[in-house]
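Enquirer: Here are the chains, one letter per residue:
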Amino acid sequence: MERQNGEPLVRMVNIHKWFGRVYALRGVDFEVYRGETVGLIGDNGAGKSTLIKILSGYHQADQGEIYFEGQKVRISSPRDARKLGIETVYQEQALAPNLSIARNIFMGREPVRRWGIIDRKVMNEESMKALANLGLRLRSPDLPVVTLSGGERQGVAIARALHFKAKLVILDEPTVALSVKEVEEVLEFVRQLQREGISVIFITHNLYHAYDIAERFVVMARGKKMADVKKKDTSPEELSQLVIKSAFAE
Amino acid sequence: MNDGRMSLGRKLLLSRSSSVLIVLVVLVLGFAILSPEHRFVDPDNLKVLLSLGSEFSIIALGVGLLMVCGEFDLSVGSILVFCSFVFLRLFEAQVPLFFSALTTILVGAALGIINGLITVRAQIPSFVTTLGTMMMWRGLALLFSGGEQKGCDVSTVPSRYFLPFFTGRIGGVFPAQAFWFIVFAVFLGILLHYHRFGNWIYATGDNRDAARAMGINTDLVKTVCFMIVGVLCGFVACAQIARTACFTSRAGEGWELKAVAASVVGGTSLRGGVGSMVGIFIGALTISVIENGLVVMRIPYFWTYVVFGLVIIFSVLSSMYIEKKQREAHR
Amino acid sequence: MEWVRNFLRYRAANTFLVFIGLVMFFSLLTPNYLFVDRRNLAALGKLFPDLGVVALGVGVLMICGEFDLSVSSVLPFCSYVFVRLLYRGFAPFWAFWAALGVGALLGLLNGLITVKTKMPSFITTLGTMMFWRGVLYIWSKMMPAGIRNLVPSGSLFERTFAGTVGSFFPVQALWFALFAVILGILLHYHRFGNWIYATGDNRDAARAMGINTDLVKTACFMIVGVLCGFSACMQAVRIGSFAATQGIGFELRAIAACVVGGTSLRGGVGSMPGIVLGALTIPILDNGLILLRVPVFGISAFIGIATILFVVLNSYVERKTR
Numbered sequence: 010m011e012r013q014n015g016e017p018l019v020r021m022v023n024i025h026k027w028f029g030r031v032y033a034l035r036g037v038d039f040e041v042y043r044g045e046t047v048g049l050i051g052d053n054g055a056g057k058s059t060l061i062k063i064l065s066g067y068h069q070a071d072q073g074e075i076y077f078e079g080q081k082v083r084i085s086s087p088r089d090a091r092k093l094g095i096e097t098v099y100q101e102q103a104l105a106p107n108l109s110i111a112r113n114i115f116m117g118r119e120p121v122r123r124w125g126i127i128d129r130k131v132m133n134e135e136s137m138k139a140l141a142n143l144g145l146r147l148r149s150p151d152l153p154v155v156t157l158s159g160g161e162r163q164g165v166a167i168a169r170a171l172h173f174k175a176k177l178v179i180l181d182e183p184t185v186a187l188s189v190k191e192v193e194e195v196l197e198f199v200r201q202l203q204r205e206g207i208s209v210i211f212i213t214h215n216l217y218h219a220y221d222i223a224e225r226f227v228v229m230a231r232g233k234k235m236a237d238v239k240k241k242d243t244s245p246e247e248l249s250q251l252v253i254k255s256a257f258a259e
Numbered sequence: 413m414n415d416g417r418m419s420l421g422r423k424l425l426l427s428r429s430s431s432v433l434i435v436l437v438v439l440v441l442g443f444a445i446l447s448p449e450h451r452f453v454d455p456d457n458l459k460v461l462l463s464l465g466s467e468f469s470i471i472a473l474g475v476g477l478l479m480v481c482g483e484f485d486l487s488v489g490s491i492l493v494f495c496s497f498v499f500l501r502l503f504e505a506q507v508p509l510f511f512s513a514l515t516t517i518l519v520g521a522a523l524g525i526i527n528g529l530i531t532v533r534a535q536i537p538s539f540v541t542t543l544g545t546m547m548m549w550r551g552l553a554l555l556f557s558g559g560e561q562k563g564c565d566v567s568t569v570p571s572r573y574f575l576p577f578f579t580g581r582i583g584g585v586f587p588a589q590a591f592w593f594i595v596f597a598v599f600l601g602i603l604l605h606y607h608r609f610g611n612w613i614y615a616t617g618d619n620r621d622a623a624r625a626m627g628i629n630t631d632l633v634k635t636v637c638f639m640i641v642g643v644l645c646g647f648v649a650c651a652q653i654a655r656t657a658c659f660t661s662r663a664g665e666g667w668e669l670k671a672v673a674a675s676v677v678g679g680t681s682l683r684g685g686v687g688s689m690v691g692i693f694i695g696a697l698t699i700s701v702i703e704n705g706l707v708v709m710r711i712p713y714f715w716t717y718v719v720f721g722l723v724i725i726f727s728v729l730s731s732m733y734i735e736k737k738q739r740e741a742h743r
Numbered sequence: 020m021e022w023v024r025n026f027l028r029y030r031a032a033n034t035f036l037v038f039i040g041l042v043m044f045f046s047l048l049t050p051n052y053l054f055v056d057r058r059n060l061a062a063l064g065k066l067f068p069d070l071g072v073v074a075l076g077v078g079v080l081m082i083c084g085e086f087d088l089s090v091s092s093v094l095p096f097c098s099y100v101f102v103r104l105l106y107r108g109f110a111p112f113w114a115f116w117a118a119l120g121v122g123a124l125l126g127l128l129n130g131l132i133t134v135k136t137k138m139p140s141f142i143t144t145l146g147t148m149m150f151w152r153g154v155l156y157i158w159s160k161m162m163p164a165g166i167r168n169l170v171p172s173g174s175l176f177e178r179t180f181a182g183t184v185g186s187f188f189p190v191q192a193l194w195f196a197l198f199a200v201i202l203g204i205l206l207h208y209h210r211f212g213n214w215i216y217a218t219g220d221n222r223d224a225a226r227a228m229g230i231n232t233d234l235v236k237t238a239c240f241m242i243v244g245v246l247c248g249f250s251a252c253m254q255a256v257r258i259g260s261f262a263a264t265q266g267i268g269f270e271l272r273a274i275a276a277c278v279v280g281g282t283s284l285r286g287g288v289g290s291m292p293g294i295v296l297g298a299l300t301i302p303i304l305d306n307g308l309i310l311l312r313v314p315v316f317g318i319s320a321f322i323g324i325a326t327i328l329f330v331v332l333n334s335y336v337e338r339k340t341r
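Chains as they are written, first to last, in my numbering: chain P, 10 to 259; chain R, 413 to 743; chain F, 20 to 341.
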C-alpha cells in the first residue's frame, strides 16, 4: 500500500515510561501512516511491547503525547483504544481457551437483546462472517478455542480485530510457537488486513517474517528508537546487522 | 432453552452435567431402595431433605458462580452466622420482620463486597482474604452474641408473610426453601449462560488478562460475584432462623468446603472459566442427598465424611477424564 | 544503613517487625506483665509447637506450590494409631515410629493422588481430609482414650516429648527449633531445597531442567505427614490422651501462619525464618489477647483481621519494591 502524504494515522511523540526504577522508554517517537504495515523489531527488553501497550491503553505513558488522525488523544484504557479503532492481538492473552469462538470474538462487546440477554443468533452469524472475511474456515462458532490450532487461534483474534473495524491492528509476536504452516496462515491473515487498508504494527523477533510482511522497519533497543528504514532501502541481512549493532550500542 | 439445532457447545455442557446427573440418580435410587422401609422416599423425609438441603444448596449456587469467575469464598459459613446475628438483634429490637430480613440481606451483600474489594484492590488471592474474613466474621458474631444459642422465635410476631415466605409449603407440600433454590438457580443460570455479564464472568475466570484487554472490568465482575454470595448468605440466614426459630453460633460451620465440593462435583473447574449452573445445581443436590440419605439409613454421621471425600475425588477425576476426551474428539 | 535496606528486602522482615512489635506490645501492656512471666512463656513454649511443627511442613509444601488441607484429619489419625498401639502393649518407642510411619503413608497418598491425577492439591486434600476424618470417627467412635498409665509422667518417653530442659524450657519448643533448623538447611542450603523452590516457582521450567517435580511434591507431602505424626504424639503425651478434636482448624491456621510469614500462595516464594516467625506469631497473638482479657471469640476475629492486614501489607510492599 502506498503511503499517503500528510498526517500519519498514529503519531507518538517523545514517549517516556518508567516501571518503578526501570526506565523502559526513553523518549521514543513513532508513527504509522494509513494503510501502512510497520515491523517493530528489536531484542528482548527493547521496549517494543511497552510502546504498543501504551497505544493499546494497557499502560499509560509518563511523558509524551499521542496523536490519532491528527487529534491529540488520551488513551487511558483498552476501551479508549478500541473506541479509536486500535485493536491489539497479544501473544498469550488474546483469547479465553474454554470459551467458544463466538464468545471470544464478542468478548466485552456482546450483542444483546432486552435487559442484556445475549443475542446468540446474531453473535453466531456475525462470528462466522468475521471468520469468513479472513478466509478462516471453522466448523462452528461454538467450538471452544482450546480445540483450535495455534494458527487458527491467531486467526480468530485477528478476525476479531478486523470485524470491529479497526483502523490500526497491533500484532504482538503473533508467530511465536507456531509451526511453519501456521506461520504462513497468520501472515496470510495479515495480508488480508493489508488488503482492507488497515494499518498494521507487527512486532516480532523474527526478521524474516517481518520482512515478508512489512513496508517499513523500526528498530528499538533499550528503550530508544535506533533506526527507521523503509523495506526498499534495506535487506534482511542488513536489518539483522542493525538490530545486533543497536543491542550493543549506547 | 432450545433453539432448535443442538449446538456443539450445548452438547459439551450436557455431557459433563450428565455424568453428575447419573451419579445423583444412582444415589437417589440407592438410598430409596436401601433405606429401612424406604424411608428415604417417605414424603416427610423428602420435605426435610428439600427444606434443609436447600439452605445449603442456595449458598452453593453462589459459591459455584464465584468459582467460575476464578475466585473462592471460604467465609460463607461466617457470613451466614454474622447475618443470623444481625437478624437476631433486629428482631430483639422489634424491627418489623420485613425490614429485618431486608437489612440482613443487605448486610450479607456488604460483607460479600468487602471480600471482593480486599481481593481485587490488594490483589491477594481470595483463598487468603476469605480465610481471614472467615475468622473475622464468625469471631465478631460470637463475640457480640456471647457465643450461645439464642431463641429467636419468629412465630411470636404476627406476620402473615414472613414465615410462609421462607418456610411455607406450596400446595401444602413443596417446601418454600426448595422453591427459592430453584428460583435462584434459574435466575443465576440465565445470568451465567444467557446474559452478557455471564460472558464476562466466564472470560474473567478463563483468562483475566484477555478479558481486561477486551475492556471488561474484571475487578467489578469479581466484586459483584462476591456480593451475590453474600446476598445468598443473608437470605439463607433469614430462612434458617425462620425454620429453627433460634440463632445458633455454629450455623454454617463447614459449609465452605461442602460448597466447594458441591461445585466441583458439578463440574466446575478450580481454575475458573469452566462450570455450568446446571452442574452446580445438581452438585448441590447431590451433597444434600448424601447427607440426608446417610441419616435416613441410620449410618453414623461420620460416614458422610468418608463418602464426601470419595465423591469429591471421583467427580474431579471423571470431570478431568471427560475434558480430556472432549479435547481429543476435536483434534 | 545498607544492611537495614537489605534486611527489609526479605519478605520475612515484615513478619519479624510485627513479631517484635507484638512481643513488645504484649510485654508492656498485659496486666502485671503477665506475658513475659516465666510460667506464661513456658506455657506458650509448650503449646505453640503443636501447630508450629505442622506449619513448618505446610510452609515447605506451599513453597513447592501445593496445599495440604488434610492435616486436621491426619494429625488425630496418627494420634489414634499411637494410642491404640500403646493399648495393644507396644512400647511407646515403637508406637511413636509407627505413628510417624502412618503420617508418612498418608502424606505419600496425598502426594501420589495429586501428581498422578494432576488434580489441584486443594481438592485432593479436601477429599482425603474428609475421608480420613470419617474413617477416624468411625474407628474411634469419637471416644477419648487415656494413656497416662501407659506413658507415665516422668518416664523417659514422656520427658522426651513433654518434659522440660533445665526445669523451665519446654522440650516441645526444642523439637520445633530442631525441625526448623533441619528444614531450613534443607530449604536454603541443600540442592533439594532449590528443587522445591524451582518446582513451586515454575514447574515447567523445573521439569525442563531435569528436576523430577512429581518426586519433589510427593516428598513435601510426606514431610507434612511425618510432622503431623510427630505433633500428634507430642500432643497425646502432653494431654495424656487421644482426643478426636485434636488438630481441628489446623489446616487453615497453618496456612495463615505461613502466609503471615511471607510465603506466597502461588508457590516459589517463602523462607524458613518467615515460616518460623509466622508459626510463632499466631499463637503469640492468641496468648497475648487472652492475657489482655479479650473475650475468646474476639480473638479469632482479631486473628482474621490481622491475617488480612498482614497479607495486604506484604503485597503492598512487594509491589512497591518491584
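Because the hints were derived from the structure by calculation, they are not lab data. Keep in mind that the hints are not guaranteed to be accurate.
Derived pair list, reagent style DSS-like, types lysine-lysine, alpha-carbon separation capped at 30 Å [what the hints assert, rightly or not]:
| id | chain 1 | residue 1 | chain 2 | residue 2 |
| --- | --- | --- | --- | --- |
| 1 | P | K176 | P | K254 |
| 2 | P | K130 | R | K737 |
| 3 | F | K137 | R | K736 |
Calculated Cβ distances over 12 Å to all of chain R for the following chain P residues [claimed, not checked]:
| id | residue |
| --- | --- |
| 4 | S65 |
| 5 | T97 |
| 6 | K138 |
Source: prediction; values computed, not measured. Beta carbons: idealized from backbone N, C-alpha and C, even for Gly.
Enquirer: Indicate, hint by hint, whether the structure satisfies it.
Expert: Here is how each hint holds up against the structure:
Our distance criterion of 30 Å between C-alpha atoms is broken by K176(P) and K254(P), whose separation comes to about 33 Å. A hinted pair counts as satisfied when its Cα atoms are at most 30 Å apart, and K130(P) with K737(R) qualifies at roughly 28 Å. Among the hinted pairs, K137(F) with K736(R) is consistent with the structure: their alpha-carbon atoms are about 12 Å apart, no more than 30 Å. A beta-carbon of chain R is positioned within 12 Å of the beta-carbon of S65(P); the least distance is around 7 Å.
Chain R draws T97(P) into its interface by the beta-carbon criterion, the shortest separation being 7 Å against a cut-off of 12 Å. Consistency note on K138(P): stated as away from chain R, and its beta-carbon is indeed over 12 Å from all of that chain's, at 17 Å minimum.
Checked against the numbered hints given earlier, the structure breaks hints 1, 4 and 5 and satisfies all the rest.
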